[in-house]
Amino acid sequence: MSDKIINLPLDAETAKSLKAGEYVYLNGEMYVARDAAHKRLMELIEEKKELPINIKGETIYYMGPSPEREGRPIGSAGPTTAGRMDKYTPTLLDMGLRGMVGKGKRSPEVLEAIKRNGAVYFAAVGGAGALLSKRITESEIICYEDLGAEAIRRIKVENFPVIVVADHNGGYMY
Amino acid sequence: MREIDVALITEAIKDMCIEVNYDLSDDMKNAMKKASENEESENGKKILGQLMENLEIAKSDMIPICQDTGMAVVFLDIGQDVHLTGGDLTEAVNEGVRRGYTEGYLRKSVVSDPIERVNTKDNTPAVLHINIIPGDKVNIRVAPKGFGSENMSRVFMRKPAEGLDGIRDSIITAVKDAGPNACPPMVVGVGVGGTFEKAALMAKEALTREVGICSDVAWAADLEKEMLLEINGSGIGPGGLGGKITALAVNINTYPTHIAGLPVAVNICCHVNRHIKKTI
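Line by line, the protein sequences are chains P and A.
Per my numbering, residue 1 is the first one in the first sequence, and the count goes up by one each step.
Per my numbering, residue 1 is the first one in the second sequence, and the count goes up by one each step.
Among these hints, one or two may not hold up.
[To be verified] For lysine to any residue, the following SDA-like pairs were computed, each having C-alpha atoms within a straight-line distance of at most 20 Å:
#1 P:K19 to A:E42
#2 A:K121 to P:I141
#3 A:K244 to P:K134
#4 A:K137 to A:K277
#5 A:K108 to P:E140
#6 A:K244 to P:G21
#7 A:K108 to P:G21
#8 P:K4 to A:E42
#9 P:K39 to A:E116
#10 A:K108 to P:P67
#11 A:K121 to P:Y144
#12 P:K134 to A:E56
#13 A:K121 to P:G148
#14 A:K45 to P:A20
#15 P:K4 to P:A36
#16 P:K56 to P:D94
#17 A:K108 to P:G148
#18 P:K39 to A:T85
#19 A:K277 to A:I57
#20 P:K4 to A:K108
#21 A:K59 to A:S25
#22 A:K176 to P:R84
#23 P:K156 to P:E50
#24 A:K59 to P:E68
#25 P:K39 to A:V118
#26 P:K39 to A:R99
#27 A:K108 to P:C143
#28 A:K277 to A:R209
#29 A:K244 to A:L228
#30 A:K121 to P:A36
[As the list claims (entries may be wrong)] Chain P stretches covered by chain A per the calculated footprint, using a threshold of three residues with CB under 8 Å from any CB of chain A:
#31 105-117
#32 122-129
#33 135-141
#34 146-152
#35 162-174
[Said to hold, decoys possible] Here are some chain A residues pointing at chain P (derived, C-beta under 10 Å):
#36 N43
#37 K45
#38 N54
These are calculated hints, taken from the structure and not from any lab test.
A virtual CB, placed ideally from N, CA and C, is assigned to each residue, including glycine.
Start from the sequences, fold in the hints, and give me the full structure.
Shown next as structure tokens:
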């Protein structure tokens with residue numbers, strides 16, 4: 001099995017071409033957000049306010065890093081359990097979110113929204129935070145700095161190893 | 001009466017929090033190595049290869065093994081002939097956690113209230129369990145616990161008539177529900193007997209037992225082996241992507257219980273099963 005290299009942000013065609021079970025390497029930029037940031041984004045959506053980030057066509061990595069040492073972009077940076085974001089995800093996918101990186105199972109509602117929107121869910125290896133940290137070359141806090149490890153970040157990745165877990169044709173690894 | 005300054009406990013806990021988050025104990029490293037030699041599936045081998053590389057990078061580049069550096073669970077076994085001096089013991093433990101997580105570049109993952117959810121910004125408080133034992137020593141165990149796997153843990157109150165089958169069903173149900181979420185290959189800590197809370201505490205403590213050392217209760221040691229085989233036959237595999245290594249160990253701790261009960265707690269831990277001990 002040869003591993004594909006995929007550029008971020010994902011274009012619509014690429015997202016639809018991915019199949020559950022494929023190993024791919026991600027290159028480019030994505031957002032980082034987890035529980036508390038998702039809660040805040042949803043509150044803004046419910047109040048019909050503008051979001052601090054434009055999620056159209058973007059990929060979100062569910063992750064909360066450990067603090068970075070001097071001279072490094074980020075600390076340990078492996079995926080967190082994606083299922084905790086399931087409550088919020090269908091809404092974000094319907095708003096244009098195209099990719100997600102996390103670990104673990106997703107709800108039927110999320111899998112349905114992935115199909116409906118031509119999106120894709122990748123898993124990175126849970127607990128490989130040191131290895132994945134080395135594949136992140138830049139990291140910047142975009143907003144919600146008060147949330148500490150849960151702030152929204154923009155990161156740049158190089159050859160970031162993931163596996164396609166849920167694809168837009170209904171393919172699902174678990 | 002031997003006097004021990006609580007500052008020594010602070011210092012020890014600080015060092016232990018840091019060490020255990022960058023370098024797994026030898027029993028866990030050996031278990032991971034053995035797992036990667038024994039795995040047969042392509043996916044499984046690939047994932048275990050990444051996890052072995054991850055352990056090397058963590059140690060050499062000083063990057064925590066996992067970004068979830070855990071909530072600090074601390075067991076203190078205090079000899080009854082020890083007189084602790086120099087301040088409040090609980091505060092000394094929390095100060096050790098505070099310094100370890102701050103100086104060690106570890107993630108602050110604790111919120112002050114389960115509903116308000118404001119980060120305490122220093123990973124305190126610890127979850128502290130104190131036992132009084134004979135002698136004049138203090139045994140410290142630190143086991144930072146990540147929540148990907150903690151969230152998949154369960155307590156079952158079985159009927160005595162269910163016996164071993166009740167225990168088997170509890171373990172298999174928890175492991176199957178955990179699946180890929182708990183970052184397999186897992187270590188499964190099981191507490192059987194006692195009361196509701198005693199079972200849960202035993203399950204947690206079972207995770208601090210070295211992988212490869214079996215229970216000294218005959219039926220529990222047999223069940224540990226049987227359950228490990230069955231879990232590894234489930235096909236969940238490393239990363240939940242299929243394979244024969246789903247768990248590295250099943251550790252069962254037991255305690256007397258009530259005539260009407262059979263409590264079974266299953267505490268799931270990921271492959272980053274951090275435990276470290278020190279005696280003062």
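- Message: When the structure is checked against the list of hints, which entries are broken? Sort them ascending.
- Response: 3, 7, 15, 18, 19, 20, 23, 26, 31, 33, 37
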